[in-house]
Structure formats: structure tokens, C-alpha cells
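Line by line, the protein sequences give chains A and B. Going by numbering that gives the first Met the number 0, the first residue of the first sequence is number 0, and it counts up by one from there. Going by numbering that gives the first Met the number 0, the first residue of the second sequence is number 0, and it counts up by one from there.
Calculated from the structure, these hints are not laboratory results. Heads up, a few of these hints could be off.
Said to hold, decoys possible - Footprint (simulated), chain B over chain A, 3 or more residues, beta carbon under 8 Å: (1) 63-75; (2) 226-232.
What the hints assert, rightly or not - So, partial list: chain A residues that the calculated Cβ filter (under 10 Å) puts toward chain B: (3) ASP206; (4) ASN222; (5) THR223.
Beta carbons: idealized from backbone N, C-alpha and C, even for Gly.
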Amino acid sequence: MTKLNSNLMIHQYFCLMIRYLKKQNFWFVFTPYFWLVLFFFIPLALIFKISISVSEWGMPPYRDLFSLSEEGFKFDSTLSNYLFIFSDPFYIRSYLNSLSLAFTSTILCLVIGYPIAFYVAKSQANIRIILLVLLIIPFWTSFLLRVYAWKVLLQGSGIINSILIHLGFLTEPISMLHNHYAVILGVVYTYLPFMILPLYGYLVKFDLNLIDAANDLGAKPVNTFLKVILPLSLPGIIAGSMLVFIPVVGEFVIPEMLGGSDKLYFGKIIWDEFFVNRDWPVASALAMSGIVILVFPIVIFQLMYAKYNFKNE
Amino acid sequence: MSNSFLEIIDVTKRFGDILALDKVNLKIEKSEIFSLLGSSGCGKSTLLRIIAGFEKPDQGKILLEGNDITNHPPYIRPLNIMFQNYALFPHLNVTNNIKFGLKEESFSKQEINNRVNEILNLLELNGLEERKVNEISGGQQQRVALARCLVKKPKLLLLDEPLAALDKQLRIQTQFELVNLQNKLGITFIIVTHDQEEAISLSDRMAIMQNGEILQVGNPVEIYEKPKNTYIANFLGTANIFHILNKDNQIIIEELNYEIKNINYNKNFNKCLIRPEKINIKKIENQSGNSNIGIVKEVAYLGSYTKYLIEVNGIQFYSFMQNSLVSDNLQIKWDDKIEFKFNDSSIFLFND
Numbered sequence: 000m001t002k003l004n005s006n007l008m009i010h011q012y013f014c015l016m017i018r019y020l021k022k023q024n025f026w027f028v029f030t031p032y033f034w035l036v037l038f039f040f041i042p043l044a045l046i047f048k049i050s051i052s053v054s055e056w057g058m059p060p061y062r063d064l065f066s067l068s069e070e071g072f073k074f075d076s077t078l079s080n081y082l083f084i085f086s087d088p089f090y091i092r093s094y095l096n097s098l099s100l101a102f103t104s105t106i107l108c109l110v111i112g113y114p115i116a117f118y119v120a121k122s123q124a125n126i127r128i129i130l131l132v133l134l135i136i137p138f139w140t141s142f143l144l145r146v147y148a149w150k151v152l153l154q155g156s157g158i159i160n161s162i163l164i165h166l167g168f169l170t171e172p173i174s175m176l177h178n179h180y181a182v183i184l185g186v187v188y189t190y191l192p193f194m195i196l197p198l199y200g201y202l203v204k205f206d207l208n209l210i211d212a213a214n215d216l217g218a219k220p221v222n223t224f225l226k227v228i229l230p231l232s233l234p235g236i237i238a239g240s241m242l243v244f245i246p247v248v249g250e251f252v253i254p255e256m257l258g259g260s261d262k263l264y265f266g267k268i269i270w271d272e273f274f275v276n277r278d279w280p281v282a283s284a285l286a287m288s289g290i291v292i293l294v295f296p297i298v299i300f301q302l303m304y305a306k307y308n309f310k311n312e
Numbered sequence: 000m001s002n003s004f005l006e007i008i009d010v011t012k013r014f015g016d017i018l019a020l021d022k023v024n025l026k027i028e029k030s031e032i033f034s035l036l037g038s039s040g041c042g043k044s045t046l047l048r049i050i051a052g053f054e055k056p057d058q059g060k061i062l063l064e065g066n067d068i069t070n071h072p073p074y075i076r077p078l079n080i081m082f083q084n085y086a087l088f089p090h091l092n093v094t095n096n097i098k099f100g101l102k103e104e105s106f107s108k109q110e111i112n113n114r115v116n117e118i119l120n121l122l123e124l125n126g127l128e129e130r131k132v133n134e135i136s137g138g139q140q141q142r143v144a145l146a147r148c149l150v151k152k153p154k155l156l157l158l159d160e161p162l163a164a165l166d167k168q169l170r171i172q173t174q175f176e177l178v179n180l181q182n183k184l185g186i187t188f189i190i191v192t193h194d195q196e197e198a199i200s201l202s203d204r205m206a207i208m209q210n211g212e213i214l215q216v217g218n219p220v221e222i223y224e225k226p227k228n229t230y231i232a233n234f235l236g237t238a239n240i241f242h243i244l245n246k247d248n249q250i251i252i253e254e255l256n257y258e259i260k261n262i263n264y265n266k267n268f269n270k271c272l273i274r275p276e277k278i279n280i281k282k283i284e285n286q287s288g289n290s291n292i293g294i295v296k297e298v299a300y301l302g303s304y305t306k307y308l309i310e311v312n313g314i315q316f317y318s319f320m321q322n323s324l325v326s327d328n329l330q331i332k333w334d335d336k337i338e339f340k341f342n343d344s345s346i347f348l349f350n351d
């Protein structure tokens, strides 16, 4: 009888524990989703709401989507903001500028970052840690300060001009600031670690014997790279490229600080619409279109890639 | 003029302060299975990597059929290596792994397909052509790795611990398959291994390595029966090593106080080896003036034979007895008194 009792108790205890674990599991799984809903989907919905509102003087500078007055319930929305931005080539051009900036800097980050990632991944463990820390150290300083530092370096009386004049390459300082080359420089500098770290993540798992094996089977170094190393680091290349490309399209601080009037970028235009023109609905419409044009193809691509990867695992 | 297929001449290799290979000289003949045997860190893998071309020796030369290939990069050497972890390309399927090496040469599509089919048949890989290499078993992966090398028809195949990743059953089966394959194809095999049983059963000849040096080269029987020194004797199987003395032209095993007759003696000899399977023991009830008496200290029954640890005058040695007659051996137990016996011709004298 006592044995039965104790068995029953053990059973009850396990049931309780399992229920508890299930509960834990629920929070464990859904915390990120709550986070996403709270800080991503709700703000996005708000932006969308503003983008289909009618612009108006006042605070906030748009008319409420729903209003209750003596005439009754009113739904006041418009697509004119979207029509406006797509009818003005100014916006489209700035968007294309941003895309081309993102594309150029992604390629540059890849070309510069790949050898670095490979070198770090293949160094000895103790050296590797030092190199990784060196990659991460810049993050300890504010991003704004670092971009500002470039401004100081590049300006007419800056150190680069001084050195070039001192060495006799120049007779008078040249303007290196406030053009789109300075913007590319700043972007590549800032986003390089975002390319290197995911690449490193894949390359560090790379079995060096595969390189020897390819060589041994008759592949010259170029072919070994193209046929073995590159395909096996493709996921890292894609991850790194996305981490650079997507934020650079919306980048506005670097063009603001290092750029000039030669090219206008999308992020800067949104900023100006929000805070200079105070046309929140147009600014929101710009932001929404940017997301739709950029993110949806990427999401589709990612899904396809995930499916491809799943098939090949 | 040399006639050897592969000659390694005075090859020296350092990694920082560590001397990995110290003036290694070796001649390997065509169509033989040659093993490099040694414990880890003895330099055997470094030597293999130098032959494959992944490392350059600091000094010395490698001659293949008389041609100096020391400075040739791996991709032009007419030899292939099978890696311990197989190093199959994970992004390619079985067929494309096998094709990889052929595509680097200027073969027609027809030729490539013929060769691949031929090797798929030879290694019984049919039906796995489209499979990813991480979807197949360890034994199948090993055959793919082998196929990938053999399809290139190399003059020399290097195998780095070829059986280490397989489980025991498969290992024994694969040993025989490797030997059969080698006989069929006539390709020279160089096998690196730390497993002495594997080396003994696979090789025509083998080299024992220690601290970057080659200690002894010979066929397995030679090395097992006539090791050059105590290290080799202990490395291959179990060895009972005793000291020998020359007292007034009587050759005596010091520890056992046993006089050896009928043996070629030379005054340099100071040690002798008696393999445990050559020592027979017999239980005795009463001590009847016989001198070869010992006490059993340990008994380990191992199925086909039994290991006995015998103590005589405070020193210990092993005797292995075949369990051909159950009743005989089971009688001997711990702390039993036994009489041991061996043939003088099974004693090997050496200088160490």
C-alpha cells in the first residue's frame, strides 16, 4: 500500500515537472516573437498607418485615419502619398543611388573581408582570438565618433592631406570629403566587420584537408578556390552580404556626415521629409516602399535558399 | 643509377624547434604495400605529407621513378592520397566527388564517364551515385575516397590511417579488400598507421619510425622476430626482454639463470627476446630440483589463448598459451607453481 502511494507520488511529481517544463518552453520559444511584435510589427503598422493618412498642419502632422464626429464614423485614408513619390523621379533616383551605394560597398566589403576572414579562421587558436578581438574593438567606440573621425582625417587640413603634401605628392590640399567616394569609404569601413564575422563563422568550420585533397586531385589553387572553398563558404557570403546590403540601403548618418550634394541617398531623403518638411505621411510612404522593394525579394530569396539548404543537408 | 620506384633521400623537416624528420632515407619498390608504423608524433604523417607535396622538406630529395619531384606542387604529382577523415567534398554527390580529379585533366566526357563507371563497379558503389557524401555510411565514404583516388590511375597511392575511422568488424573486412584491390591494380601503396596489427597484416614491407627517424625496415616477420632494439620489440606485440651474460663461455640469461646452448653468439649481444607465445608452461605439484620454476601472478583468458604473467626471482614475464585443450589450461590458476619451457632456437639475441 505504501509502495503504491509512493509510486503515485512520483507519478504526480513527474506530471507537475513536465507541465512546468512545457510552460518554460512556451516562454522560451515565444519571447523573441513578443519582442518582434512589440518592437517591429507594431511600429511598422504605425508607419503604414501614417503612410496612408492625409497630410495636415498640426501635431501630429497628419489626419487621424478613423474619426468620430457629429456626422458619424469617418474613415479617412489616401494612396496619394505613394502616387506622389512614384511620380517624382527625385525619389526614385535617390533610391537607385542608395541601391548602387549598397551594391558597391557590399562588393568591396566582400573583396576586402574575404581574405581577412580566411586568414583569421586559419590562424592558430591563440592568435585567432587576438585577431577577433581586434575586429570587435571598434564597436566599443560609438559609431558616430568613428565616422566623425574619418571626417577629421579626410578634411583639407586633415592628416592625409598633410602627409601627401609633406611627401611632395600634392602642392595644396585636395577635397576628399563631401563626395560619394567618401561615403563609400565610410560605409565600407563601418560595415566591414558585419561581412567578416559571418564569413569567419563558416570558414572556421572549413576542413583544411579539403584544400589539400583538391590540390592532390590535380586542382590548381585557382580551381581549388572556385570549386571547393567558394561553394562551401557561399552561405557565409550570402549572410555577410545581407548584413551589409540591407542596412546600407537605409543608411543616412554616413551620407549626412561624409557625403556632399553630388548624390542624394534614400535614408537622408526620408529624414528630410520627416524633420525638415514635416511631411510624415510622405516620409512613411517612402519608408514603406523602401521596405517592400527591398525586403520582399530578400525574404523570398532566403526562403528559397533555406529550402535548398534543407534539401542538401 | 637507382632502380627503386620511390626514393626518399636525407629528408629533414623542422617545425619550429621540433625536428619532425631527421635525415630519413627510404626506398620503396614498385607494386608493394609499404607501411610507415609508429606512435603519434613519430613523423610518419609528416613524411606522407612531404611525399604528397603538401610540405616541402628543409633538406633532402624525393625521387619518383628517378625523377626529382621534391619541388613539384601536389597538383602535378602522379600520386594521390586518401585522408584519414576522407576529406570528401560535402557539397558534391558521390559521382561528382569521384569525377573531381578527372575534370582537372583534359579528358573527354565519354572517357570520364567510362572511368567513373569502371571504378563504381570495382568498389561496389553502384546505386549511390546521386547520394550526398554525408548521407552514406562510414564504410561507403571510405570506398568513395578510395575511388576518387584510384579513378585517376595514380602511380602511387598514399593512405593516411585508412582504417582508423571504421569499426572493428568492418576494419578486418576492409583490410582484405584493400590487399585484393592492390593485387588487382598493381599500384604501389604507402600506408601510414599507428596500428601494429594493421601494419603486420597489410604490408609487404614496413618501416618503424620513432622521433623522426626510421629505426628498422623489413618485412613484418623479420621485424617481429628479429627486432633491432627493445623499442621495436615492445612496439610490435608483447615482448619478454632479458639481459644476457657471458660467464666463462657459458651464455646465460641473467634473470632466469638459464644457460642458452646451440646459439650463434657474438660478444656485442647484451639482450635477448623471447616472444610470450614461445614460452610453454606446465603446472607442477612438487618442487623436484627443477630450475625453471615460476609462480603465476595473473591469468587473462582471451578466448583463443590465455595470457599468464609469470614471476621468477622477482622479475616478471608473459607466456601466451593456445587454448586448444580447455582442460589443460584451466588447471593453471593464480599463485600456482609452474615449470616454463622454451626452445633455444626461439631466443633472439640482440644488442641495445
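Going through the hints against the structure:
Requiring three or more residues with a Cβ within less than 8 Å of a Cβ of chain B, the coverage given for the region 63-75 of chain A is violated, as only 0 such residues are present. Under a criterion of three residues with beta carbons nearer than 8 Å to beta carbons of chain B, the stated coverage of the region 226-232 of chain A is upheld, 4 such residues being counted. This hint holds: ASP206/A has a C-beta 6 Å from the nearest C-beta of chain B, less than the 10 Å allowed. Checking ASN222/A against chain B: minimum C-beta separation of about 7 Å stays under 10 Å; hint holds.
Satisfaction of the interface hint for THR223/A is found here, the shortest Cβ-Cβ separation to chain B being roughly 8 Å, below the 10 Å cut-off.
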